[in-house]
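Kindly generate the complete structure, drawing on both the sequences and the hints.
Chains as they are written, first to last, in this note's numbering: chain D, 1 to 289; chain P, 1001 to 1561.
Calculated from the structure, these hints are not laboratory results. Using N, Cα and C, we set each Cβ at its ideal position, and we do this for glycine too.
In silico lysine-lysine, DSS-like type, Cα no more than 30 Å apart, as pairs: (1) P:Lys1537 x P:Lys1212; (2) P:Lys1430 x P:Lys1471; (3) P:Lys1471 x D:Lys177; (4) P:Lys1526 x P:Lys1212; (5) P:Lys1356 x P:Lys1471; (6) P:Lys1356 x D:Lys177.
Pair by pair, the computed Cβ-Cβ distance ranges are: (7) D:Lys177 x P:Ala1553: 39 to 47 Å; (8) P:Ala1366 x D:Ser120: 28 to 36 Å; (9) D:Ser171 x P:Ala1378: 33 to 41 Å; (10) P:Arg1319 x D:Lys177: 18 to 26 Å; (11) P:Arg1319 x D:Val145: 49 to 57 Å; (12) D:Ala144 x P:Arg1319: 46 to 54 Å; (13) D:Ile270 x P:Glu1024: 50 to 58 Å; (14) D:Leu146 x P:Asp1125: 50 to 58 Å; (15) P:Gln1171 x D:Ala132: 34 to 42 Å; (16) D:Gly26 x P:Gln1426: 45 to 53 Å; (17) P:Arg1382 x D:Ser171: 23 to 31 Å.
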Amino acid sequence: MSDIVLAENGRERRIMRRRPIWLSFGLLVPFVFVIVLGVAVWAPQWLSSFDPEAVDPNAILLPPDAGHWFGTDELGRDLFSRVVHGTSQSLTIGIGATLIASIGGIVLGTTAALAPRPISRLLLRIIDILLAFPEMLLALLVIAVLGRGPANTLLAVGLASIAGYARLIRSQVLQIKLSGYVEHAVALGEHPWTIVSRHIVPNAIRPLLILATIGVGSSVLSASALSFLGLGVVPPEAEWGALLANGRNFLDIAPWTSLLPATVVALSVISITLLGRRLQTLLATGDLR
Amino acid sequence: MNIQTSLQNFQTADSAPSPLLAVEGLNVAFQTSQGHVDAVRDLSLQIAPGEILALVGESGSGKSVTARALVGLTGPRSTAKASKIELIAHDGRPLDLLGLSEKAWRHVRGREIGFILQDALVSLDPLRTIGREIAEPILAHRLVPRSLVSQHVAQLLERVGVPEPESRMEQYAHQLSGGLRQRALIASALGGQPRLLIADEPTTALDVSVQKRVLAIFRELAAAGHGILLITHDLAVAAQLADRVAVMQRGRVVETGPARLLLSDPRHDYTRQLLAAVPTTAKRGRRLSAPDVPLPPRQPVRSGERLLEIGNVSMSFRRADGSLLRAVSNVSLHIDRGETLGVVGESGSGKTTLGKIALALQHPDAGEVLFEGRPWSALSERLRRPLRAGMQTISQDPLSSFNPRFTVERIIEQPLLLYGGLGRSQRREKIVELMNLVGLPADLLARRPTALSGGQRQRVSIAQALAATPKLLVCDEPVSALDVTTQAQVLDLLVDLQARFGLSMIFISHDLGVIQHISHRIVVMKHGAIVESGSVKEVFERPQHAYTRELIASVPRFGDT
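Encoded structure:
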């Protein structure tokens, strides 16, 4: 009796074996890029032999070539080594600002969800008011009070994005507060503080992890924007935003001075975000797919 | 045995009129990340006009996949093959369902085969009125002129027993009760006037009284000449409704036969095992998972030693529209040491709220709860917290009561950290001991509950409850989400543990069969109030309330040997 195919759904049959996970393009490329970023932070001299501060009057605004991979700026400084040496500062600001925003968001959001009525109402209003302002405006406000400089840039970007994180955490906590396992923990006789610290907060921060990895990228961008406006890191320092701002002046005669650093910023943000998403999947399912 | 089964097959096929649907050698396989899975293997069945064939089996046995294969909806990454699937079409000619194109399938679905899904709320479009939903197949197959459609829809609704069809047609799915929704879904399957109906667990989400009415509708449809394939895990439903029953296990039909004969005198071991696992009145006091192994002698109830007293408790909730819902009204009951009190009632009867009041997770508006003769509901949470170890709970869905980040080990460790005062290695020992006690291997300790089966999860939650060495267990529908054989094992385990530790239990369920099996006394709840109470014997022999009688009628009686 010959079987007749009734319905064959799904893709045509091919060997189902998946490529090893470390070979997949979407994981490998960002991973390598992030490692390169790590090297740029810890040992920038390994990547570039030029001194980022060395002025060379004979090599002003050179286009990219074998020696100067990214060309040179208006003072003849090697752009590639300036980008490499600026990595540390930009990433410190990006990660530091995200940490401030996350921790602030967790504390503020959890309190806003669990505190007694008047306090939670008050905190919620504060969060709402902060959300009404663009983050950049808040960062500018902080800079206006504290003054310029790398540390203040970090603080400004971090403080400005607390409200968004707080809002997310608050809604998570409110949802988890009503969950079966929190009620069950009450029935077991666990102390309210244990319930908050062991059950509510660890589960509430789950979605924060993915938001934070995207946040690192956007904090790098915000810090770059502040430097671009001349309010972040002061120009002679090599920082990505400062490099972009500087390059803008020569966009018509030497476009590489801003385009190439901008590409590096974009690639970093994309790589960190992609890796962050993989990390999120890994944490959620225990599988790296 | 096999010869006999095929003989029965042969006889039924011969005596019945020419079949409406004939399936031979159906195989369905899925490609999953774990590899190739055979969901259905070499399945053959026939349904005559006016016949109801029940395909029964536990979850994962392949019964739903079979139903979906018959309408060409097995989904992505699946392969369905058969040597014959033939349906007698409306024009009386046989229609070959093999190798149909998607376009050709659309003429079959709804027109030749009506498909009724399990959960009416998710199967009905929330944005369309019931009337438009039912009109869909009629319009799609152009059966009735447009002007007559609404009249036709009203007739269909009337046929499935929906009162005031004209006004119901204008309502949305969420505005209807579960029973009406299910009937609207049946009406929508009837719209294309199919001769064959496939119903996948059509009564599973319904309360006993509603289920009875829906089953009656199926009976009428069969009498009107429809052939019906009923997919169910519930042997009681199959017994009440089906003419013939086919039992599926791991993708194969292991036994087929006339319902009455098969369910009273099963041939195959698996069918016997399934039937033995169903709690019926005759099996009270016997082990369900292994009928030959006796249950341990139950410890006597120390009546008069009140463990929990609930006195005149009432509680209301505010509904979304602002009106008050009396969830529990003026309920009084007590549980003695070593006693199991069964609380039975349909959904919305207030039994879960009562359980939460007993656990002091809800505070009653009026009345008081005493635990071990001392105030319980009146205490402040701070004073109650150290006493909570004495009263533990097991819920219907243990997955939702476990912290999703915790492993099995940490879940069971929770109460030990609170009350045990044990060191790390002692705790570990105790956890392994508890796992043993509930019949789980210790190598599951590192797993997360999502990687466990339903029965294993329920055992973990029992182990966790026992870790607190409680005096009272509040079990809220602890076996409702389990297959009948798993349910039997968990019920046996609870009885064993009760005999061993002298626990008291409040056992909440909608299933009187389960309740009568495990309880000493029964309380029947309806609309938040107790309508009947007494020992199992009293309630079964002299039911006072009409609702109790209805519940008793729903307890399956087959397999009482």
